[in-house]
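Protein chains: 4
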Amino acid sequence: MSTATLLLVCPDQRGLVAKVADWLYTHAGNIVHADQHTDATAGLFLMRVEWELAGFTLPAEQIAPTFAPLAETIQARWELHFSHTRPRMAILVTKQDHCLYDLILRQRAGEIRAEIPVVISNHPDLEGVAHNFGINFHHVPVTAATKPAAEAHMLALLQQYEIDLAVLAKYMQVLSSDFLAQFPRVINIHHSFLPAFPGANPYHRAYQRGVKIIGATAHYVTEDLDEGPIIEQDVMRVSHRDSVADLIRKGKDLERLVLARAVRLHLNNRILVYGNAGRPGVGIRTVIFD
Amino acid sequence: MSTATLLLVCPDQRGLVAKVADWLYTHAGNIVHADQHTDATAGLFLMRVEWELAGFTLPAEQIAPTFAPLAETIQARWELHFSHTRPRMAILVTKQDHCLYDLILRQRAGEIRAEIPVVISNHPDLEGVAHNFGINFHHVPVTAATKPAAEAHMLALLQQYEIDLAVLAKYMQVLSSDFLAQFPRVINIHHSFLPAFPGANPYHRAYQRGVKIIGATAHYVTEDLDEGPIIEQDVMRVSHRDSVADLIRKGKDLERLVLARAVRLHLNNRILVYGNAGRPGVGIRTVIFD
Amino acid sequence: MSTATLLLVCPDQRGLVAKVADWLYTHAGNIVHADQHTDATAGLFLMRVEWELAGFTLPAEQIAPTFAPLAETIQARWELHFSHTRPRMAILVTKQDHCLYDLILRQRAGEIRAEIPVVISNHPDLEGVAHNFGINFHHVPVTAATKPAAEAHMLALLQQYEIDLAVLAKYMQVLSSDFLAQFPRVINIHHSFLPAFPGANPYHRAYQRGVKIIGATAHYVTEDLDEGPIIEQDVMRVSHRDSVADLIRKGKDLERLVLARAVRLHLNNRILVYGNAGRPGVGIRTVIFD
Amino acid sequence: MSTATLLLVCPDQRGLVAKVADWLYTHAGNIVHADQHTDATAGLFLMRVEWELAGFTLPAEQIAPTFAPLAETIQARWELHFSHTRPRMAILVTKQDHCLYDLILRQRAGEIRAEIPVVISNHPDLEGVAHNFGINFHHVPVTAATKPAAEAHMLALLQQYEIDLAVLAKYMQVLSSDFLAQFPRVINIHHSFLPAFPGANPYHRAYQRGVKIIGATAHYVTEDLDEGPIIEQDVMRVSHRDSVADLIRKGKDLERLVLARAVRLHLNNRILVYGNAGRPGVGIRTVIFD
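Residue numbers (the working numbering), protein chains in the order written: chain L, 22 to 311; chain B, 22 to 311; chain R, 22 to 311; chain G, 22 to 311.
I should point out that these hints are in silico values taken from the structure, not numbers from a laboratory.
Check before you lean on any hint, since a few could be wrong.
Heads up, the list lumps identical chains together, so a pair's fine if it works in one copy or across two of them.
As the list claims (entries may be wrong) - Subject to a maximum C-alpha distance of 20 Å in a straight line, what follows is the list of computed SDA-like cross-link-like pairs (lysine to any residue):
hint : residue 1 : residue 2
1    : 271       : 206
2    : 168       : 203
3    : 271       : 221
4    : 40        : 267
Could you put together the complete structure from these sequences and hints?
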């Protein structure tokens, strides 16, 4: 079943659902999923609607131009996605392989709807894993001195492979704001339940603090380290019996699960990011239409 | 903010969202919550929509008659609820007081939107708790011989107090199908993660089986014991160190939470029960619009 | 069954279990629970052992003096507790009643083994709740100017009622280090998964940050706000649909559960606090012998 | 660090901890982990103790013969394991690869302490996965007619590869009681929270029942299908939005985690199975010394 999905955010007002639903019905759209959310504090209406292309009276390439005038009248920011276009995803890693294997195997199992043409790493260690699955591997070393050149190289690779989404699957380098300005669609997995333990060595610090629960957080990357919009989090109980090595081992299960869920939500077009950093009480946040 | 809520189930077809949203927009309805679900297996569309009465151009008493013709054209079964009418809830108990206290305190805290005019029990033990909070208490003993008379007495009480919902808060008697035919809106808490351990002594049987997780299940009561549509479930880890007494103690926390969530969902009109027992693959089930 | 419980921490060395077990066996002690932990980083051995007094050849008052010489040879810090002495617990509150009710009802149900002779509050609102259960209530208002006098008053009350443990059940005042120096046995419930969101308004800040999980943390109170040794934590999923009011409501369930578990662990003598703030990698932490 | 581990179960009596600890101390054993449990209902004492071989005055091969007389005096059933012997594990699969990949990758990452010399399957599909990691693969088809011969073939393979533990990683055949009599050390993953949904198609039945939680259970295999002693269980929330396909996909994450934890517990010698089927209130159950 081929579908189209519309993600939309606009100022809240009466009749929004009716307008969008009417537009779909006018063109004989059969809705397979619809969800809305009103953020009363922000005065915003957010919507996801997915409908079958079979029977829809507009050809795929006519949908966006036909919807645009309506979007304008309601002052909407919107995206349109088709289930028959497979997004292209790059995986960035350092030396740990657990999230890399997990994403590749889920893609092979059909759980993640994307092509994975390339793995990029600042170390050569995981080349064998990529090649085992027939995926290109590029080693782009990064030092303080070479960082601008390395990021330029990585941006060129993302362009060359026509990448839609970059996933930091335990990539232990910070991306510069310049990089993110040029390629903003980046998901990271951080090995703590943010905002606890941002930055380096969260498991060591969790051990030191004596917490009874550890966590992992998947978020979109922004220029503020570990401050980007949270997509998904999960946690696990630990006890005094767990050493730092145990926390790291248990945490790997969380990292795998949380990152995979976040990537899947993104690729299924189920996330809207919104918010107004300048307005008190409304940070940059996600709505998850699951 | 006073609102109206429509719960609706009908055969799936194109244009349903448009039709309902248009009807609301025609009368200047401002939607505050909308959620839909399509059960492809059953071929059913299910919807919850809640809108502000302020500014709605139909007076409350005109809403149902005005909506009825539309409902008929789409062959919908539907309910209409108003946030300004407070449902009346009876609590049925035996000897354990933890769920009774929990429901009363949540109602006092404004978490549960209902009146609680009466507590009914087959034992006299909890009269003091009810009276402490100014709630009427009726002791209706039940034996095998007196069961029909006792149930008739209870039905009379439910009628006298104009009860909308009866909550079995650890009421350790089975209600007959006759009772349920006359008063079907009954929620029960069962102290296991159904369908594991239906019937008597679930904690003892969980201990004997050596499970590593215990649970609780809130469900609508039907004539098939512990087979009614599940509203909410939750679980807790246990270990070999836990005796039956520990399971019972820990389980009380689950029972409180799960029952309270289910009652709140019901009273906030967030549950649709549907299904067709005669059709394979589709049992009697709930949609929770939360 | 009346029991004695020994909690013990000492430098790790060979033969510790043998020495303690031998001492018990010499006096015909029947162990009902024993648990050990070795913190290799800190080089410490920690132990809890509980045995029946029936059949033990030492009378209760002779146990400590008889054990002391052994404790000295292994350089142990230790505590001895008897199940037949009921600790006396004061509950400190402000205006919210959910944790107060919860602790009182659990004590009434036999889940918490303690006397609760007094409730102390900086506001008069909860006097009725205390009196309903026959518990004394003292209103001790606190302002910046009167804080030293108010704390002196509270310390006098704790002495007068012979209190062993003070529980801050949503007491919204910070206790001074002077107070804690004189009365150090204080458990607090903080409404976040520490170290995330220490200090004021954690639910508002959790909402602003857009977290997908909220939590609660019970800890011993130290002079560093929300930095004391963590006893217990738990979490709950939230979504974009949850307003700040929803987080507060859902969080109350966490606060109740987490505080009750921590108080029970303390009263059942299942917690050892240890650590060396001056040594890297070893903070002040708890071992939970559950 | 090389260690020895003793697992022991015997009738409860005074002095057991002292006797075992004394025996260890006599030979200068440095305990690195000790845990005990008393099952009062069964009148049994269960113990795990692990100590360093470095400094122990008995050579490894003398430990069992030296301990045996003590074990006899306390009527103990016991096992002795050494951390320097790596158990040999066979993985049995059908067509699904997620648990197979998971176990192999965890073994490669050092999380699972075992050799994996062979994968056995009733279908040829997963030969490539085994070979990719340099593991032998044997295709042993099973039909109703060939079952006895197929099981004989499998038993021969287990013997040939000197297998200590067989793991059913989604092996969709029932092993006969004859097979189990000859090779009893078998762990299975069942895709439900037992005792709910034993047998075939648990996800389909979970969907039909409308449960709000799904689970997975790892257990030792006995001749009673899905009735063996439970090692580990975990669960995940689902909703009305989840189709059977979603339950299967989500359940795969549970299956991986629960099976891996159970296998790790077994290989780390942290499980004691005990119980007396003939005695009411005491089933066949596990103690997990974690």
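Each hint tested on the structure:
| no. | hint | result |
| --- | --- | --- |
| 1 | 271 / 206 | neither (28 Å within a copy, 26 Å between copies) |
| 2 | 168 / 203 | within (15 Å within a copy, 56 Å between copies) |
| 3 | 271 / 221 | within (18 Å within a copy, 31 Å between copies) |
| 4 | 40 / 267 | neither (54 Å within a copy, 30 Å between copies) |
Going through the hint list in order, the structure does not satisfy hints 1 and 4.
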